[in-house]
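**Student:** Chains A and B, in that order, give the protein sequences.
Per the numbering used here, the first sequence starts with residue 63, numbered consecutively.
Per the numbering used here, the second sequence starts with residue 63, numbered consecutively.
I should point out that these hints are in silico values taken from the structure, not numbers from a laboratory.
Hints may be right or wrong, so weigh each one.
[What the hints assert, rightly or not] Taking lysine-lysine and the BS3-like style, the derived pairs with C-alpha atoms no more than 30 Å apart in a straight line are:
id : chain 1 : residue 1 : chain 2 : residue 2
1  : A       : K288      : B       : K107
2  : B       : K107      : A       : K312
3  : B       : K107      : A       : K107
4  : A       : K217      : B       : K97
5  : B       : K107      : A       : K97
[Claimed, not checked] Where chain A lies over chain B, by a calculated footprint (3+ residues, C-beta under 8 Å):
id : stretch
6  : 119-129
7  : 166-176
8  : 246-254
9  : 266-273
10 : 276-290
11 : 327-336
[To be verified] Far from chain B, some chain A residues (derived; all Cβ distances over 12 Å):
id : residue
12 : G108
13 : T131
14 : R212
15 : R215
16 : E249
17 : V252
18 : Y253
19 : V292
20 : E306
21 : C311
By construction, the Cβ of each residue, glycine as well, lies at the ideal position given by its N, Cα and C atoms.
Protein chains: 2
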Amino acid sequence: MSEEKNRTDVNELGEFGLIEHLTLPFVNRRSSTVKGIGDDAAVIKGGEQELLVSTDMLVEGIHFDLMYTPLKHLGYKSVVVNVSDICAMNGIAEQITVSVALSNRFSVEAMEEIYEGIRLACAFYDLDLIGGDTTSSPRGLVISVTALGRASREKITYRSGARPGDIWCVSGDLGAAYLGLQILEREKQVYLENPGVQPDLENQDYLVGRQLKPEARRDMVLALDKAGVVPSAMIDISDGLASEVFHICKQSGVGALIEESQVPLRDETQLMALYFSVEPDRLRLTRRCGYRALFTR
Amino acid sequence: MSEEKNRTDVNELGEFGLIEHLTLPFVNRRSSTVKGIGDDAAVIKGGEQELLVSTDMLVEGIHFDLMYTPLKHLGYKSVVVNVSDICAMNGIAEQITVSVALSNRFSVEAMEEIYEGIRLACAFYDLDLIGGDTTSSPRGLVISVTALGRASREKITYRSGARPGDIWCVSGDLGAAYLGLQILEREKQVYLENPGVQPDLENQDYLVGRQLKPEARRDMVLALDKAGVVPSAMIDISDGLASEVFHICKQSGVGALIEESQVPLRDETQLMALYFSVEPDRLRLTRRCGYRALFTR
C-alpha cells in the first residue's frame with residue numbers, strides 16, 4: 063500500500079540488461095555450482111549424492127494478493143516453498159532457478175524488491191541462484207521456482223516408508239498461517255471500505271509472519287542428521303495435517319491415529335481462533351500452517 | 063479454431079486427480095531417474111557427469127497466440143526450447159519438470175492436448191517428466207519448463223570458449239520461423255475480418271512448421287560426439303544470428319566476420335521474403351529461425 067518514489071520502466075533496461083541488473087547482488091556459495099547465470103544452461107557438479115528436484119509456481123490472484131503481500135516477502139516465500147519440498151525428502155537445497163512473468167505495471171524497482179527477497183532466502187538457506195527467465199505478461203505476476211538439492215541415497219526419505227507401529231512427529235505448531243491470512247483479509251476489507259484507516263496488525267506478528275514469511279524446516283533436516291536419525295517417511299505440511307497424513311498413509315499402505323489434543327497450537331492461534339470462530343481441531347487438521355515437517359519413525 | 067466436443071471442468075478432478083490423470087500416459091525412460099512424480103521432490107542419480115539445468119517460461123499473449131497455436135504444439139514447443147538450451151551446452155537432456163497455470167476457460171481436454179504434446183516431446187527426445195505443478199490462473203495460460211541434462215566435464219561447451227581463427231558453423235537455414243509467424247498472423251487477420259474464410263496454408267508446411275513445431279538440435283550433439291569433435295563455443299539461435307554471435311564474441315573476447323551470403327536460407331524462405339518484402343540479410347541476422355546450433359571450432 064506504499065507509493066513508489068522512483069519508477070524505472072522495465073523496457074529501459076532491455077531483457078539482458080534487466081537480468082544482469084537484478085542478479086548482480088547475488089553471489090555463489092556452493093562448491094557444486096560450476097557455472098551459474100550467463101550461459102544457455104547452468105552447470106552443476108556430478109557426485110556421489112543423489113539429486114533432488116522440486117518446482118512450484120505462484121500466481122497472482124491465486125496464491126498471493128499484492129494488496130497485503132510485500133514483494134520482498136513474496137520473493138522470499140517463492141524460494142521457501144521449494145526449499146521446504148527438498149527438506150521433506152530429508153535433503154539440503156543447494157541451487158534454484160527463478161522465472162518471473164510480469165506485466166508492465168511493475169517497475170524495475172518492483173522487480174528489485176522481488177529479487178531482494180529471493181536474495182535474502184538464498185543467503186539464509188545457502189542457495190545459489192543459477193538461472194531463470196524474466197518475461198512480460200499481459201496481466202499479473204507469476205513466479206516459478208525450481209530447487210535442486212542433495213542427499214545421500216540412504217538418507218532420502220519418501221512418503222512411502224511409514225510402517226505399522228511408527229510414531230508420527232510434526233515439527234511445530236499448526237494453523238497459524240491460516241489465521242494470519244484471515245487477519246490480512248480483514249484488514250484489506252477495512253482498507254477497501256475506508257482507505258484512510260491504517261491496518262491494525264498490532265500483536266499479530268506471529269500469525270501474520272507465519273503467512274507472509276514462512277520458513278522451511280532445514281533445521282529439522284540438520285537436527286535429524288546430527289542425531290543420526292533417518293525417518294521412515296516424511297512430507298511437508300502446508301495446508302493442514304489431514305491431507306498430508308493421508309498422503310503418507312496411502313503411499314505407505316498404513317493407517318494412522320491422530321490424537322487431536324496432542325497436535326500443537328500456539329496460544330496466539332487458540333485466541334485468534336476464538337475471534338474468527340474456527341474450531342481448534344479444524345485448525346490442526348485442515349488449515350494452512352506455513353511449513354512444517356511431518357515425519358514418521 | 064476447432065470446437066471442443068467434450069468439455070470436462072478442471073475442478074471435477076481436483077488438483078491431485080488432475081495431475082494423476084494427466085501424467086498417467088508418461089513412462090520413465092532414463093536409468094538416472096530414481097523417483098519421478100509422486101513425492102515432494104524428484105530424485106535423480108548422482109554420477110560422474112556434470113548436470114546441466116535450463117529453464118524457460120512461455121506466456122500466452124507474449125510467446126504464443128492460441129488463435130493459431132494448437133495446444134499440442136504448444137506443449138511440444140515448451141519442452142523443445144529447453145532441450146535446445148541443453149544441446150547448446152553440448153549436453154543431452156534427460157529429465158524435465160513442467161508447471162502450468164491456466165484459467166478456468168481451459169477444460170481437462172485442453173490440458174490433455176498440452177500434455178500430449180509434452181509426452182510426444184519426451185518420447186522423441188528420450189526425456190522423463192519428473193515433476194511439476196498444475197495451478198489455476200485468473201486469466202491466460204503460462205507454461206514453465208525446467209530441463210536437466212548431462213555432459214562430461216570435457217565436453218561441456220560454453221559461450222566463452224571461442225578463439226581467434228576459429229571457424230563458425232550454423233546447423234541449418236535461418237529466418238524460416240519468422241516467416242511462418244508472418245503467415246499465421248496474416249491468416250489470423252483474414253479470419254478476424256471474415257470468420258467464414260478457411261486459412262490458406264497450402265505449401266507453407268515448412269515455414270509454418272518451423273514456427274509451430276521447431277526441433278532442438280540434439281542430432282548435432284550426437285553427431286559431434288560421434289565425430290570426436292568438441293566445439294570451442296556453442297549457443298542456440300532462436301532470434302537470429304546477430305545477437306547470438308554477439309553473445310559469443312562478448313563472452314569469448316573475440317570478434318567475428320559474418321559473410322552474409324554464406325548464411326543458409328531455404329528457397330521457400332527466399333520466396334516468402336519477397337512476398338513480405340523482407341531483406342534476405344535481415345532474415346539471416348535478426349529474425350526468428352526455430353532452433354539452430356551455432357558453434358565455433
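**Student:** If a hint holds in the structure, say so; if it does not, say that too.
**Tutor:** Status of the hints after comparison with the structure:
1. A:K288 x B:K107: 24 Å, holds
2. B:K107 x A:K312: Given pair B:K107, A:K312 holds - Cα atoms ~26 Å apart, limit 30 Å.
3. B:K107 x A:K107: Judged against 30 Å, a Cα distance of about 12 Å means the pair holds.
4. A:K217 x B:K97: 14 Å, holds
5. B:K107 x A:K97: 20 Å, holds
6. 119-129: holds (count 6)
7. 166-176: violated (count 0)
8. 246-254: violated (count 0)
9. 266-273: violated (count 0)
10. 276-290: violated (count 0)
11. 327-336: Coverage by chain A is violated here, the residue count being 0 at a Cβ distance below 8 Å.
12. G108: 5 Å, violated
13. T131: Per Cβ check, A:T131 is outside 12 Å of chain B; nearest 15 Å; holds.
14. R212: 8 Å, violated
15. R215: A:R215 not clear of chain B: closest Cβ-Cβ about 8 Å, inside 12 Å.
16. E249: 22 Å, holds
17. V252: 24 Å, holds
18. Y253: 21 Å, holds
19. V292: Holds, because the least Cβ-Cβ distance between A:V292 and chain B comes to about 15 Å, which exceeds 12 Å.
20. E306: 10 Å, violated
21. C311: 14 Å, holds
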